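Enquirer: With chain X held as given, fit chains C and E onto it using these hints.
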Amino acid sequence: MALTDPDRLFPVEPALRGLARSLYDGVRDLPIVSPHGHCDPRWFAENARFPNPAELFVIPDHYVFRMLVSQGVPMTSLGVPRTDGGPVETDPRAIWRLFAERFHLFRGTPSAMWLDHSFEHVFGLDQPLSAETADMYYDHIDACLARDDFRPRALFERFGIEVLATTEGALDDLRWHRAIRESGWAGRVVTTYRPDAVVDPDFEGFAANVAQLGELTGEDTTTWDGYLDAHRARREYFRSFGATATDHGHPSARTENLPAMDAEALLRKVLSGSFSPAEAEAFRGQMLTEMARMSLDDGMTMQIHPGSRRNHSAPVFARHGRDKGFDIPGPTGYVDALKPMLDAVGMEPDLTVILFTLDETAYGRELAPLAGAYPSLRLGPPWWFFDSYEGIKRFRELTTETCGFYNTAGFNDDTRAFCSIPARHDVARRSDCAYLAGLVATGRLSETAAHEVAHDLTYRLAKQAYRLD
Amino acid sequence: MALTDPDRLFPVEPALRGLARSLYDGVRDLPIVSPHGHCDPRWFAENARFPNPAELFVIPDHYVFRMLVSQGVPMTSLGVPRTDGGPVETDPRAIWRLFAERFHLFRGTPSAMWLDHSFEHVFGLDQPLSAETADMYYDHIDACLARDDFRPRALFERFGIEVLATTEGALDDLRWHRAIRESGWAGRVVTTYRPDAVVDPDFEGFAANVAQLGELTGEDTTTWDGYLDAHRARREYFRSFGATATDHGHPSARTENLPAMDAEALLRKVLSGSFSPAEAEAFRGQMLTEMARMSLDDGMTMQIHPGSRRNHSAPVFARHGRDKGFDIPGPTGYVDALKPMLDAVGMEPDLTVILFTLDETAYGRELAPLAGAYPSLRLGPPWWFFDSYEGIKRFRELTTETCGFYNTAGFNDDTRAFCSIPARHDVARRSDCAYLAGLVATGRLSETAAHEVAHDLTYRLAKQAYRLD
Amino acid sequence: MALTDPDRLFPVEPALRGLARSLYDGVRDLPIVSPHGHCDPRWFAENARFPNPAELFVIPDHYVFRMLVSQGVPMTSLGVPRTDGGPVETDPRAIWRLFAERFHLFRGTPSAMWLDHSFEHVFGLDQPLSAETADMYYDHIDACLARDDFRPRALFERFGIEVLATTEGALDDLRWHRAIRESGWAGRVVTTYRPDAVVDPDFEGFAANVAQLGELTGEDTTTWDGYLDAHRARREYFRSFGATATDHGHPSARTENLPAMDAEALLRKVLSGSFSPAEAEAFRGQMLTEMARMSLDDGMTMQIHPGSRRNHSAPVFARHGRDKGFDIPGPTGYVDALKPMLDAVGMEPDLTVILFTLDETAYGRELAPLAGAYPSLRLGPPWWFFDSYEGIKRFRELTTETCGFYNTAGFNDDTRAFCSIPARHDVARRSDCAYLAGLVATGRLSETAAHEVAHDLTYRLAKQAYRLD
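Quick note, the sequences are listed as chains X, C and E, same order. At position 33 of the first sequence the residue is numbered 33 (our numbering), and the sequence of numbers has no breaks. At position 156 of the second sequence the residue is numbered 156 (our numbering), and the sequence of numbers has no breaks. At position 116 of the third sequence the residue is numbered 116 (our numbering), and the sequence of numbers has no breaks.
Excised from the complex, chain X in its bound form (with noise of 0.2 Å):
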C-alpha cells in the first residue's frame, strides 16, 4: 500500500501519461535548487534533532493549522503560541491527534500531497493518516527524529539539495551562517537580504530598526545618503554570506522614482513616526526603485512578493502575532505601479527582478506582457496559495503564450516546512510536465524541445535567474 500513486499528476490519457512520464523521468533526480525560501539556518548550524511530529508538522505549518483553525479548532489548542504568554496547548502528541482526526479537511489540497509524500517517502509511512493511526503515527516518526539520519544536515543531504536559500532581515547577525560555514560541513545554505523592517515604515519599530541600522553600519542613517550606504553594507555582508539575491514583501507593487531631495525629505517624514499611509506607501515605493540601482552596482537579483494584506484578523494578529496563517490577497496591479521603476532601469539587461504575485488575474493581463517586452524582468513561480498542481497550471497556460518559457525562473518552494521541499518540488516537476506532455500532444512543442525544456524549468533557469552557478 502506497499513499501516493506513482503516476499522480500526470494527465489521464494514455498517451499524455506516457508522455508526461518519460519527461519527468529526465528530471525527477536532478538536484534541488532552491533559491527562495524560510528555513531556519540554525538547523543546519546546530544540527539538533527536530523535536516531535507536532513541532515539525503542524505548529510551524500555517498552511496546515490555519486549515484546522477554519473548522473550529482554536489555536491555542494547537499550541500556536500567545503574544501575552498565556497557556497554550503543551503536550505534542494532543495537537497530533487533533490534526490527525481531521486529516480529511485536506482532502484536494497540496498541503495533503506534501504530507503524504513526506509521510512514505521521508517517514517511510504506508497507512493513511487518521484517528485510527493518529498514535502509530505519533510514535514511528518520533522514532525516526531521534536518529542520526534524521537529523538536518542528513536530510538536507538525502533531499538531493544542491543549494539552499533561507531569508534573513536587514539587521540579522547571520550567526547561523556564519556557524554553517565555520562547520565545516559542505552543504550550500545561503542567506537573502530581506529589509521590510528597515524599508517599511508601517513595520513594528521601524524607526528603532533604522537606528539600529544605522550601528551596525556606522552610517548615519537619519540622513538620505546615510540610510542608503547603510544598505550598501549591509548587502555586501550579507552577499559575504552567499546571498545573490534581495526579497520584498510589500503590501502593493508600487514604485517611485523620486529626486533624491525629496526622497530625503520622505525618509525624515517617515523617520517621525508621523505620516500618511500615502507617504508610507511612496516611501516603500521609492526603496523598491533604489534596491533596482543597488543591484544594478552589486549584481544581486531582486524579489518582489507584494500583495499579501497581512493580519487580516485584528483578534488573531492581537493575540498571536504574525504569520499565522491570516494573510489574505488582495487586487494587485503592475502595469501602473511598476512604471517608475521601470522607465529608471527596466531596460538594462544586467538587472533581474523577479516579480510574484498572490493575484492571478495579473498573469495574462500584466505580468507576462512586462517580462515579455522588459530585459529586466522574469515571472517567479506561482506562490503561497497557488503553487499547487492547479496553480502551476493556470500560470504556465496563462504566461507562456505571452512571454515564453525562457522569461520565467524556475521553482521556488518558499518554504519553512523542511520536510516538504522534495515534495514540493516534485509537484512542480509533474506539474511542469504535464502541461509540456500536453503541448507536446497538441504539436505545440517538439518532444525534444520538451525534453530540454523540462530540465531548464527544473535547473537551469533558477540557477540563471538567482545567479546561483
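One or more of the hints may lead you astray.
Copies of one chain are not kept apart here, so a pair can be met inside one copy or by any two copies together.
Unchecked claim - Using 25 Å as the maximum straight-line C-alpha spacing, the simulated DMTMM-like pairs for lysine to aspartate or glutamate come out as follows:
no., residue 1, residue 2
1, Lys463, Glu101
2, Lys339, Asp323
3, Lys339, Glu204
4, Lys393, Asp148
Derived by calculation from the structure, the hints in this document are not laboratory data. Predicted model only: the values in this text are computed from it and were never measured.
Expert: Chains C and E in isolation, oriented as in the chain X frame:
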C-alpha cells in the same frame, strides 16, 4: 431518441468517465436539498395548475428572455409586463413560438441543458425544440399541466425534494407559508429572511418600508435600538415558519462596525431621505455586522450575495421594472470589505456566514483564503451566470486547493423556475463528480474518499451549513 | 519532415480528436473573412515584392521583436528605426540571424505556431529554424519573394481571402484604396474608420489634427456641430472605399452622454490644449456615444478596443516611438463605463457595437452578461496577447454559457503580418473546433448543431457582424 445524453458532463477519457459515472451513481438519487431559491410559496399553498408553457418556461425566466432580447426580440413581444400597464403580447402560444424558433441561441448554455432536461424528464418529450416542433411542444406541455400529477405538490414529491427554501422580504406576512402549514401537506417548504427593502437606503420606498416594519412589530424603528429589535422580532416570526437563514443582496460586500451612537445617527440620516451614496453604503455595511450578531443569538445562517449592478439599463428599468435580465456583475472585493465584520465576529465557531460572488477573480484570491482561515465563513456554490458546468469546474479548481471541500456549503439552485430544479441539481452533481474523478485519476484523492466527498457535496454540507437537520 | 502537426490543437483523447477533426474538415477551406486588421493597402495597390525576410517577419512584428528584446537583444540590433534617425542595424541577414538563433524563445507561443505555419505552408520549408538553418531560411525565403507568385496580390488570392479590412486614420486620403480600386484588381480590400487622432485629446498633435479635419471637410471643427459633421463627412468618404466599420482604441471603455452645450464646452477645452486627464477621458467617452449615434444613421459597425496602456516604457517611446511592443494591458471595467452609451442607444436592434478586451476577467463578469442582454452588443474575438489556443479556449469557456455563440462576432486576425493571416485563421478554426468537440462529447451540443456552429464561427458571424455581405 433522447434530448439528454446519459453521460453528459462526464469526462470523455474512458477511465475518467467510468470513475465519474460510478461516483454519480452513488449520489444521483439522493433527495434534493434546496436551501436557497425563489419559488413562490403560493404554488404549494394553493396547488393550482401552472397556467401554460409560456408562463412556465419563458415569461418569468430572465435567463431565457434576456437571451431572446439580446438578439433583437422586444421584451413586450415576450409578454414581459410593462410598469405603465401598456399592452404586451398576451397570447402564450405566440410567445412560445418566438422562443422555439430561436432555441438555437441557447446552444452551449446551461439554460439549454436545464430546458432539455425538463422537457425530457418532466414532460417526456424526445424531439428537439424548434420552429417545427413548437406547436407540438406547446400542446403536449399544456395537456400535461392540466393533469393532477403536474400540479406543484405532485411535482415537488416527484422531484424528491426533501426541503425547499423560498425567500421573502422582511415585511411579508408569510400567508402562503401559513397556508402550506395549515393545509397539512407534508412537503417541507421553509422561508428565508431577506431584509433588503428595510436595510438598503437605496431601495424604492426605504423610509416607508422601515415605518411599516415598526408598525408590524410595535417597535419605534426611528431609534437604533427599536430598529434592531424590530429585525429581531421579524427574524423570530420567520423562524416560526421554518426559516434557518437570512439573505442579503447588496451592491458590495462592505461591512462596518460603528459605535451605536454613530449607527443611530446614520439611521436618522438615511431615514431622512437626504443622504450620500457613501452613507447608504455605510448603513448597509453596518447592518451586515448587526445581522451577523443577531445570527450569533438566534442561530440563523447568514448569506451574502453581493456585487450585482441591478437594473443596468435605465430605459428597461423604466419600462419593465426590476429583475428583467439587466443585472450585470462588477468587480467585487471581499478582503477589505469584510474586515470590520470579521474583526467583530469572524472567529466565532457558532456563526455561519455563506459568501457568494459574481466576480470569479475573488475565488482564489480572496474567498478561499478567507474561508480557509475564519471558522465563521463558508463559500456558497457558483451563483447565477456561474451555475453551470464550467462555472462549477472553475469554482472547484480555484477554491479546493486553498480551503478544501469542507469550507464550502453544498449546492443552491437559487431559481424561480420550478421545473428546472432537478436539472440544476443534476448538473451540479455531475459536475462535482467529474471534478472528483479527475482528482482520483491523478492521485489527488482516494476513490473511497471521493465517494464520501460526493455525498457530502450533494447532501450533507448543504444541510449542515443551513442547519436544516 | 513537417514543421506543423496535421492534428495540432485538437484534443488528444481519440474520440474527441476524431470529432474535432471532422468539424475542422468542414471549415478548413472556407474563405478567409478578415474584418479587422492592419495590413498596408499600399501592398495591394502597388503589388511590389516584399523586400526581404527580416522586413517580412521580424522588423514590423512587435510580437516577434519584443520577445527578443525581453532577452536582452537591443532594439537597434533588430533594425527598429530610431525617432532621432540615429543608426540601427541595416543588414537584413544579420537581423535574421539574431532572430533565428533565438527561435527557442518562442517555444509554446502562438508566434511560433504562426511562423512555422508560414514557413511550411507559404514558403515550403520543412526544417526547424535555428542558428544552423538561418542562412538556408534567409536565402530560400528571399528567393521566393523575388517570384511573382509571392507578390501581395498573388498571396492574397492563394490565401483564399474573400475580404480584408485595413485600418486608416480619419485624416488619411485613402490614396492606396483608391489605387486598388482603379487598378481593376478584383481582390476585396476595404478600409475602416479609425478616428483616434482626432478624438483623443491626448493623441500627439490633437488640436492640429482636428484643424486638418476641418480643412478636409470644409466644416468648422471648433464648433460641436461642425466637428460632428466633419466626422459624418469622413465616415461617408470612408464608406465610399468600402468601410463598413469604425474602430476606437481608447485607454478605457468609458462613455458619456452629455448635453450638447456641455459637449461643446468640452470640445473647446480640449482644443485649447489646457485640459485635465479627466476632461480628456470625458471627451473620448462622449465621442464613443456620438459615434454610436452616427452608426445608427449610417449603419457602420462600431468596434471598441479599450484597455491598453500604450508606450509603457518612457525611454523606449522616446527612442523608437509608438507600437514597439511596450503596450501593456491593465484592468478594464465595462459595466459602469458603458452605461451612458447603453442607456442612450444600447437597446437599438439596428446598432452593432463589438467589444474587445485585454482584461480577461471581464469576459464572464461583465462582457458576456452585457452581450447576453443588450441587442446592440456583440463580443469580439480574443485580442492581441489572447489570440491563441489558450486565449480562445478561455474566451469560449467564459462567455458561451452566458451569452451563447450568437452574441459573438467571429474571428479577427488584427495583424500587420500578412503571411500569418492563414495561420491565425487556422489556429482560430482549430481552437473553436476543439472546443465544440468537447461540447459534443459531453452531451452539451448535438453533432449536427456543432457543424453549423463551426461554420457560423468561421464565416457567417463575421460577415454578419461587420455587414460584409
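Enquirer: Now tell me, hint by hint, if it's right for this structure.
Expert: Status of the hints after comparison with the structure:
{"no.": "1", "hint": "Lys463 to Glu101", "result": "between (41 Å within a copy, 22 Å between copies)"}
{"no.": "2", "hint": "Lys339 to Asp323", "result": "between (30 Å within a copy, 17 Å between copies)"}
{"no.": "3", "hint": "Lys339 to Glu204", "result": "between (29 Å within a copy, 21 Å between copies)"}
{"no.": "4", "hint": "Lys393 to Asp148", "result": "neither (38 Å within a copy, 46 Å between copies)"}
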